Every structure is written in C-alpha cells, then in structure tokens.
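Once you know that position 145 of the sequence shown is 145 in the UniProt record's numbering, the rest is easy, because the numbers rise by one and skip nothing.
Hints in this document: simulated from the structure, not taken from any laboratory.
Each hint should be verified, as a subset may be incorrect.
BS3-like cross-link-like pairs, simulated, lysine-lysine; straight-line CA separation at most 27 Å [to be verified]:
(1) Lys112 / Lys163
(2) Lys97 / Lys82
(3) Lys163 / Lys97
(4) Lys221 / Lys166
(5) Lys127 / Lys166
(6) Lys222 / Lys287
(7) Lys127 / Lys278
(8) Lys163 / Lys200
(9) Lys97 / Lys221
Computed from a predicted model, the values in this text were never measured in an experiment.
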Amino acid sequence: MGENNITRVALAGATGNLGPAILEQLVLAGFQVTVLTRDGGAHALPSSVSVKHVDYDSVQSLTSALQGQDAVVSTLGDAARKGQLNLVEAASQAGVKRFIPSEFGSNTVNPKAAALPCYATKVAVQKAVEEKAKTSNGMTYTLILTGPFLDWGIMVGFILNTKDRKTSLYDGGNRVFSTTTQPTIGRAVVGVLRHLEETKNRPVYVQEVATSLRELTDIAKKAKGHTGTWTEIDVKIDDVLAQGWEELKKPNPDPNVFAIKFITAAIWGDGTGSHFSKLDNDLLGIKELSTEELEQIVARYV
C-alpha cells in the first residue's frame, strides 16, 4: 500500500452514541478495524473487528495498542479530556498517519461556539492535534463537523419531543441549522480516510440537510399516523444561555444541565456558524436528503 493509503483504523469509543454507526461504516468499507476499550466487557462486535484493552490514563498503554495503525478515530465523550489528549500523544508516538478527533457536531471552529464551556475539551484536543501536525513525524488530522445528529436528536427528544408532541422553538424556530444522521456521519469518516490529501489538517463540513425547528415541527404535524395537537414553546436563546451560566456558578454544577444549555445555544443561537456555508459533501460522497427522505426520518419517530 502507498504511504497515503489507510487500511488499519483504530476506533476509540465504539460503544457510545455515535461509535456503533462509525464502526459499521468502517467495516462495510473494508477497513481493518481495531476497537480500543477500557473495560473487559463483552461487546457485540463484528467478527472481523479486533479488540485491544487500553488504559486511557496511560500514554504507554495507548501507544502500544496503536502500533501499526494507520488512522485513529475518536468518539470519546468530552468528560474524557485527559484520555483524549493521551490518545493524541500516543497516536503521534505510534506513527499514526491521520487522527480524527471527537468532533461530529457543532461548528467548534466558530469563535462564538468555541468559547462555550461545553466545548472546552474539543478545543483543547483541536490545539493538540494542530500542534502535532506541526511537530510530529507526519501525523495529520481532520475535524469532521456535522451539526447535531438528526436521527438520534429526534429519537431522544432533543430536536423534537415526539413522545409529548412538543417543540421548543428557539427565537421563533426559523433559524436554519445543518444536521446529519449517524450512519451518514460514519460515511463521512470513510470519505475522509479515502481522501487524505484533500482533507489534511483542516475541518470538513458535512450536512445531510439544512432545516429549522419550525420546518421539522410542521413535518411532524403532517406525519402519517400523527394524532392530537402539537405544542410549540417559544424560548429565547438568551434565557437558555443564562440558565447555563447560572448552573455553572453552583458549587457542584451538573454537566447534564449546563452542557445541554450551551449546546442548544450553539445549534440554535445567532452567529455560532451552525448553518454551514461551505460543504465537503461532494468530496466525501455525501448526498443531501430529499424532502421525502427528511419526512420519512421524522415520521419514523412520530
């Protein structure tokens, strides 16, 4: 294989919210995948996938596990800040060619979004991979920015609360944002690994659809099988931000409270770059959803 080809990929965080979708697409694309795991639990993984047990607190453990790997994809949660930074260091020491950090969401390259406390880990990892790209033995990186997970966000009630038939319409609900389903995020990862030079040391922007909360609510109301009324709640983003900052002032702030508030502001606030103006869809082989396909996704959860 040429030096610009990727065959062996290590995946950190394969059992989280996004990890399984990325793992599935990597396997379908024919990569030799190794899953890094910190526990000894038996996870349902494809037979072709290798498993290596690691200690994310140990650079030595991670470096050993990454020997021979061409690329690392991380979907570790933001709480695992030390582990993610150790993973970057280990990948560099092991001679990994491409590092894809745990982004897959808001436009953290946008200064207003990056300044929100919930993205402190992502920003720290960005700085680490940028520094390694300048000083290490050839390790490069790609930030994959996708907007919120469309399918998961509807399923859990974050984008639309289909269970209770209600939507929080932030600042009126007409602000357009980029969003992508989890399987397509997996396909975007594959696209990056197949286009190393074109995606080298930069963010790539992927969207499956640009929509608004108002549009999604209207689609849900018209979905086949939908009965009853739909409640629309007008919420000001400034109030959401204030609630996030108020939670942070507490002696023991709850990340499940303040993080959600700040993420909400990053997606549906003004000036946070959540509607991507330039896309890498064509390069990565990503198609946008048709109106009918978007309606089908919403209807799946209504």
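Given pair status - Lys97, Lys163, alpha carbons within 27 Å: 44 Å, violated
Is Lys97 within 27 Å of Lys221, Cα to Cα? 48 Å, violated
Would the hint linking Lys221 and Lys166 be met if the CA-CA limit is 27 Å? Holds, at roughly 10 Å.
Does Lys278 sit within 27 Å of Lys127, going by the straight-line distance between their CA atoms? Distance of about 23 Å is within 27 Å: holds.
Lys112 and Lys163: Cα distance at most 27 Å? Status violated; Cα separation ~32 Å.
Verify the proposed pairing of Lys127 with Lys166, using a straight-line Cα cut of 27 Å. 39 Å, violated
Does the alpha-carbon distance linking Lys163 and Lys200 stay inside the 27 Å limit? 42 Å, violated
Hinted pair Lys97 and Lys82, Cα distance within 27 Å: 21 Å, holds
Restraint status (C-alpha distance of Lys222 to Lys287 at most 27 Å): 25 Å, holds
The structure fails to meet hints 1, 3, 5, 8 and 9 from the earlier list, while all remaining hints are met.
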